[in-house]
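Protein chains: 2
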Amino acid sequence: MLINGQRWRSVWPVSEHTGVGIIDQTRLPHELVTVTLGSSDAVRDAIANMLVRGAPLIGAVAAYGMALAARENASDQYLEERYRFLDSSRPTAVNLRWALDRMMACLRPLPQAQRLSAACALADEIANEDAVLCAAIGEHGLALIRKVAADKPAGEPVQILTHCNAGWLATVDYGTATAPIYMAHDEGINVHVWVGETRPRNQGASLTAWELGQHGVAHTLVADNAGGHLMQHGQVDFCLVGSDRTTASGDVCNKIGTYLKALAAHDNQVPFYVALPSSTIDWTMSDGLAEIPIENRSPDELLLMEGVTEQGDVKQVRIAPSRTPGLNPAFDVTPARLVTGLITERGICAASRQGLLALFEQ
Amino acid sequence: MLINGQRWRSVWPVSEHTGVGIIDQTRLPHELVTVTLGSSDAVRDAIANMLVRGAPLIGAVAAYGMALAARENASDQYLEERYRFLDSSRPTAVNLRWALDRMMACLRPLPQAQRLSAACALADEIANEDAVLCAAIGEHGLALIRKVAADKPAGEPVQILTHCNAGWLATVDYGTATAPIYMAHDEGINVHVWVGETRPRNQGASLTAWELGQHGVAHTLVADNAGGHLMQHGQVDFCLVGSDRTTASGDVCNKIGTYLKALAAHDNQVPFYVALPSSTIDWTMSDGLAEIPIENRSPDELLLMEGVTEQGDVKQVRIAPSRTPGLNPAFDVTPARLVTGLITERGICAASRQGLLALFEQ
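Taken in sequence, the protein lines are chains Y and A.
Anchor point for the first sequence: position 162 equals 193 in the numbering used here, and the numbering is continuous, going up by one each time.
Anchor point for the second sequence: position 75 equals 106 in the numbering used here, and the numbering is continuous, going up by one each time.
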């Protein structure tokens, strides 16, 4: 998508796959900083420290991490060790394991001498596939937006509320939840996005607002607390969020606070859609609330806030008393009963086993 | 309540009512700064600039402002002018007008020579009455906490989730939602409070966490987004919040985000209680959502964040891209159907006209 008028992706191979380029997303929106990761160690650090985040992007970067590992040492033992090492960088993202499994399934049968080039090619393929997948999600979601737009009085925008960043920064390109929005915007449909700031890491304020702004899509930042109020007052046509993991029964594990928005949507008859690539579907799970492990991250993410001062310096400030304890669950589970539909690369389906099976026969 | 082991109120007369002492709440939680307001001008500034906030506290401080006015000049003309002047300090606080009206009703019939001593006595009375009211709310809520505590396995705390600051800093003493919590703590009941940070002004993180910490009540700060997740996982015994305005039908207008917590409580069969002095009941309104005007405050409250740097300086940082537009509704309305009970100074009642009338015959 566009940054300052230029086409970008969120990850790219560097110098014949001796490194992988990323945007350091912890520096956004105040600074646009790119980093070249030159080793599998650096890839793990970048994922663990959230320089890259978003399940699809994590998967693609991890795939490049395995390619770097194959350059470091293509032995079975080393690659198996790196597989576990990279897999341990984030606990919840299902694409991470999926991408690593795919890399290993390709590499294990090959002679060591062929592993590096195969790994580079497959990492590229995984990244490209993700962009194609997101474009397909965009097409299916676009049909939905066109329908809502057609029913709107002239001049009134289609009002979409999103949470966190399921944008192109979370994927390789287009985004999941944002893909339909970008496509609608690009074809001239009047869309306006309510961006929830997404405490505690502020991905809405710092990433979604930034990428929508760079691409020229109308948007307004609101506190996460404001979503219900907007829906009560008819200011939201539908909600559109991403998913970090989707159970076979249609439960959606996504950024903490998603569940609250889904409750408000349900209470106000506002459709609640989830955009997801099928790679986030975990066919082994059927009860998201009971089965999906939720990562508790450092309370410092809540207690310390980063921003830019009037002087232009990026600073961290503590917003609570110095010894206040905090708890920081990173995700919550939205039960399928609150989800109007799942927008996948193969089309839109009901959030249910039946719905998913109709699109994705196992 | 306690600060560093000492008993405090949030407002107190100084040197035989030549001044009124307050805590500068804009400096909390990073600094405890007290200010003596020595004139009615200073009182108006303190209210307008939110050195004091919370409807009950604003009322008490304004009453002391009228006492200072009576010291400055006890003439009819001056007092009427000061009444209008103080009344204009905050547009929405109901208790401000109520306290000023009460002061004027007392002073107008008196000869000028008696006005100062009468004004000082009545300001003290208004402040004391608020403390007594909050203590009564505390007693009724305490009975509820005792009941929950009795059903808990030994060693497990009563888990209460609150939002914003309905604490003693918002009143003269005890607070509204916090009064039952302090009383339970003081009688040795094991309570633990989940404090929602309360974006965008962070009253939970900066005031509620601070006052609970100073009084020694166990608590944990969470993002507003985390409330639903905690309830889904059985971590909340009940919710307890305040109210800025309560309709005759039991709809509750409170800090933005309250509605989302109430939805989550309802979805997880977690009781949702609202603590309120009857002065917040608006008997003229029956449909909170349609009738209560919601103040949209400056988007800067959302876009700029204040905290303390590692070096100990209090700084403001911008968390979003520099031209991001924001919308900042300050309150939302929780429909009565989501409220388990209203805890008032006269007892606990259903959130309904019938429930309220049973306690407060008009």
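These are calculated hints, taken from the structure and not from any lab test.
Cβ coordinates follow ideal geometry from the N, Cα and C atoms, glycine included.
Fair warning: there could be bad hints in the mix.
Here's a subset of chain Y near chain A, in silico, CB distances under 8 Å, partners left out [stated by the list, open to error]: (1) ALA149; (2) ALA152; (3) GLU156; (4) ASN159; (5) ALA162; (6) ALA257; (7) TRP314; (8) MET316; (9) VAL339; (10) THR340; (11) GLY357; (12) PRO360.
Status of the hints after comparison with the structure:
1. Look at ALA149(Y): its Cβ only gets to about 41 Å from chain A, farther than 8 Å, so that hint breaks.
2. Because the beta carbon of ALA152(Y) sits about 37 Å from the nearest beta carbon in chain A, more than 8 Å, this interface hint is broken.
3. Checking GLU156(Y) against chain A by beta carbon gives a least distance of about 33 Å; that is not within 8 Å, so the hint is violated.
4. Interface restraint check: ASN159(Y) against chain A, minimum CB-CB distance 29 Å, threshold 8 Å, status violated.
5. Interface restraint check: ALA162(Y) against chain A, minimum CB-CB distance 24 Å, threshold 8 Å, status violated.
6. Annotation: ALA257(Y) was flagged as interfacial toward chain A, and the flag holds, the nearest CB pair being 5 Å apart, inside 8 Å.
7. The interface hint given for TRP314(Y) is broken, as the beta carbon of that residue sits about 23 Å from the closest beta carbon of chain A, more than 8 Å.
8. At its closest, the beta carbon of MET316(Y) sits 16 Å from a beta carbon of chain A; the interface hint therefore is violated under the 8 Å criterion.
9. For VAL339(Y), the interface hint holds, since its Cβ comes within 8 Å of a Cβ in chain A; the closest pair sits about 5 Å apart.
10. Here the hint on THR340(Y) is kept, as its CB sits about 6 Å from the closest CB of chain A, short of 8 Å.
11. Interface hint status for GLY357(Y): upheld, as the beta-carbon distance to the closest one in chain A is roughly 4 Å, under 8 Å.
12. Checking PRO360(Y) against chain A: minimum C-beta separation of about 5 Å stays under 8 Å; hint holds.
Comparing the model with each earlier hint shows violations of hints 1, 2, 3, 4, 5, 7 and 8; every other hint is respected.
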